[in-house]
Amino acid sequence: MVRSGDLILNVERLTMRFGGLVAVDDLSFRARRGEITALIGPNGAGKTTVFNCITGFYKPSAGLIELVHPDGRSFLLERLLDFRIAQVAKVARTFQNIRLFPAMTALENLVVAQHNVLMAASGFTLAGLFGLRSYAEAERAAIDKARYWLDRTGLLRRADDAAGGLAYGEQRRLEIARAMCTDPVLLCLDEPAAGLNARESAELNELLRFIQHQHGTSILLIEHDMSVVMEISDHIVVLDYGVKIADGPPAAIRNDPKVIAAYLGVEDEEVEEVEAEVKP
Amino acid sequence: MRRGKTPVPNAAASRTRTLPLAAALREATLAALVAFGLFFFLIGLHTDQGPTGALMVTTRFDSLALMVGVVFVGAFIRALLFGRGPIGLGRALPIWLAPAVAKAGRYVGPALLGFALLVPVLFYHNRYVLDLGILVLTYVMLGWGLNIVVGLAGLLDLGYVAFYAVGAYSYALLSTHFGLSFWICLPLAGILAAFWGVLLGFPVLRLRGDYLAIVTLAFGEIIRLVLLNWQDLTGGPNGITSIPRPSFFGLPFVDGEGGFAAAFGLEFSPTHRVVFLFYLILALALITNWVTIRMRRLPIGRAWEAMREDEIACRSLGINTTNTKLTAFAMGAMFGGIAGSFFATRQGFISPESFVFGESALILAIVVLGGMGSQIGVAVAALVMLGGFELFRELDQYRMLVFGGAMVAIMIWRPRGLVASREPSLYLAERRAVPQALVEQGRG
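Residue numbers (our numbering), protein chains in the order written: chain A, 451 to 730; chain B, 3 to 446.
What the hints contain is simulated information worked out from the structure, not anything from laboratory work. Hints are supplied without guarantee of correctness; some may be wrong.
Said to hold, decoys possible - The list that follows gives simulated cross-link-like pairs (lysine to aspartate or glutamate, DMTMM-like), each with its CA atoms no further than 20 Å apart:
#1 A:540 with B:313
#2 A:509 with A:521
#3 A:509 with A:476
#4 A:708 with A:675
#5 A:595 with B:432
#6 A:509 with A:475
#7 A:595 with A:611
#8 A:509 with B:313
#9 A:595 with A:610
Unchecked claim - With beta-carbon atoms standing in for the labels, derived distance ranges:
#10 A:653 with B:437: 25 to 33 Å
#11 A:511 with B:209: 23 to 31 Å
#12 A:601 with B:133: 55 to 63 Å
#13 B:207 with A:663: 37 to 45 Å
#14 B:435 with A:649: 27 to 35 Å
#15 A:480 with B:209: 52 to 60 Å
#16 A:691 with B:28: 52 to 60 Å
For every residue, glycine included, the Cβ atom is placed at its ideal position computed from N, Cα and C.
Next comes chain A alone, as it looks inside the complex (with noise of 0.2 Å):
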């Protein structure tokens, strides 16, 4: 019996290093299934190194994340490829500088998502040819998959334009669709909410519990963002320099002093107080 609140992904000891960088230096963390696990730090704390690591762009140099199934499966993200992650493993992802496709209409940016289906409905490629009635039903179901999700993000009535048309935040709410489209385990949404303003923030929280709550979909997240972060989050990791500095509960993160002075800094004489903190 799976319940929410199980263990769904286990990053144990991550580190990458570029060269002599160390971009993530021994990372530990746990995210709960049905929850939204933000991941926070000021800029080049390592955090897309992070979601490049669980989602195959980049190997580890050393560590082990682990993806649990809610059937019990569970599989060593680090030794998959990065495409196998997302058709196997079920991890699906949006970029933090969008990667839409443009030139494909909406639509077909998420059918296009939903390409494996498809291509086992398709008889790969020769059943469709020849155009087989079972594939005519599975392209009818993609679009009716590709449909709901198109009204959910409120871009049913742009579903024929070019995605490349869209207006920005529309792209960024397509692309977190498009990521939906492949029935994910895991969503990891890389800075959802940079260059929304705060009615699209708001839209973008109330589709984050939509998806957390009517899909069960657990969500791994970037953001900046605080008004995102501390309002729908669930449990927050603190990121500094590729170091975990604090893990756990919105509330909890607000007041941890580690985390004010790496977000706002400090006043020079209390470096050395707080770097006796931070480092154990």
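Starting from the known structure of chain A, fit chain B onto it as the hints suggest.
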């Protein structure tokens, strides 16, 4: 990475409008000066053999003045009419004409197909036109094949002629050594070429853009050099002669008993074979077109286009880009191979000379000129390119000059090819073409 901006009329253009005559005059003078600098040595001075056999320099200042004058007047008119900056089609065509042109565009495909079907009827007694038609259709098919790789998958392939060669030699060798018929060799040649496509695909999987282009270029040359030097198998520079001609499903095009003409009670004519070849390549090209159009609407085709747009995003969605690239190479190569075996049976003789880099460049030019990814654009471009070559044949030494000028003009007016907008493969409410500015050029 992304070019989301659509061209807007620039401020400079509107500023020049305030004093059009003076600005145009300045623009034209500048252009004339550049032309003078360029043409002074090219046209103004002329080396000739003197009476003693030594080189002597003569001057042709009258021609030089003429050229500079032409440039001056041309630039002046251009600056007056269009202002500065590039000439967009929007400004070259009156606004009210644009929808009419778009509407007419829809009938171009069926009209061209109808015309192609009627060519052997209309020009039955004109062998020259029939041969030209076959040539154009061969390049239409090659263009459509390469369009899969370059236009859809966005992988710049400069060695496409290699697959054309593989197909041609496959048919030539299989038919001359093993006596296999054309109809068996046709799919075999396609499969062999596809195999070579995959073989090329593997080493270049990690390469993108310019690097990919260079390796594919080298691949094309390797194939040609192997064909040239493997004397025992390919006959080297002498090529392969007396390749069997195609039969009408078993009926050869010969005079007398058992031939095509006798079986149908017709009087024998060598034109029968040419007409048959015409319809054969038309059918092969249409099959290529049909398969491509179908594949664009299948997951594999959408993955090709998605890969052209953003490969990393593809991988984040669980798309195996390795397989996707290899299938694109294989499909493109297969159609190239089939076209190659048609070429072999039509010519009856092949040699490595037919498969030089110039051919690859010509096919790529057809795809780029047509508008990458557009089927109808490629067909029109093949007609324009090869038809243009023939049309200007009488101009003799100026042929390439006129042709080059035409290419420059097209690249000014339609920098992204004749049909640059993209047709979506799916729609909910209505099909809206994607404007050209959003379509990725594809850099592998």
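Outcome of the hint check:
About 19 Å separates the Cα atoms of residue 540 of chain A and residue 313 of chain B, which keeps this hinted pair within 20 Å; it holds. Our distance criterion of 20 Å between C-alpha atoms is broken by residue 509 of chain A and residue 521 of chain A, whose separation comes to about 26 Å. At most 20 Å may separate the alpha-carbon atoms for a hinted pair to count; residue 509 of chain A and residue 476 of chain A meet this at roughly 15 Å. Distance check on the hinted pair: residue 708 of chain A and residue 675 of chain A sit about 19 Å apart at the alpha-carbon level, within 20 Å; holds.
A threshold of 20 Å between alpha carbons decides the hint, and for residue 595 of chain A with residue 432 of chain B the separation of about 18 Å falls inside it, so the pair holds. Of the supplied pair hints, the one linking residue 509 of chain A and residue 475 of chain A holds, its CA atoms being roughly 14 Å apart against a limit of 20 Å. Distance restraint check for residue 595 of chain A and residue 611 of chain A: the Cα-Cα separation of roughly 18 Å lies within the 20 Å cut-off, and the hinted pair is therefore satisfied. With a CA separation close to 18 Å, the supplied pair residue 509 of chain A and residue 313 of chain B stays within the 20 Å bound.
A C-alpha spacing of about 15 Å is found between residue 595 of chain A and residue 610 of chain A, which places the hinted pair at or below 20 Å, so the restraint holds. Restraint check, residue 653 of chain A to residue 437 of chain B: a C-beta distance of roughly 28 Å satisfies the suggested window 25 to 33 Å. Range check, residue 511 of chain A to residue 209 of chain B: Cβ separation about 26 Å, and the 23 to 31 Å hint holds. At roughly 57 Å, the beta-carbon separation of residue 601 of chain A and residue 133 of chain B lies within the given 55 to 63 Å, and the hint holds.
The supplied range of 37 to 45 Å is met by residue 207 of chain B and residue 663 of chain A, whose beta-carbon atoms lie about 42 Å from each other. Between residue 435 of chain B and residue 649 of chain A the Cβ separation comes to about 32 Å, which falls inside the hinted range of 27 to 35 Å. The given range of 52 to 60 Å is broken by residue 480 of chain A and residue 209 of chain B, whose C-beta atoms sit roughly 40 Å from each other. Taken as a hint, the range 52 to 60 Å holds for the pair residue 691 of chain A and residue 28 of chain B, whose Cβ atoms sit roughly 58 Å apart.
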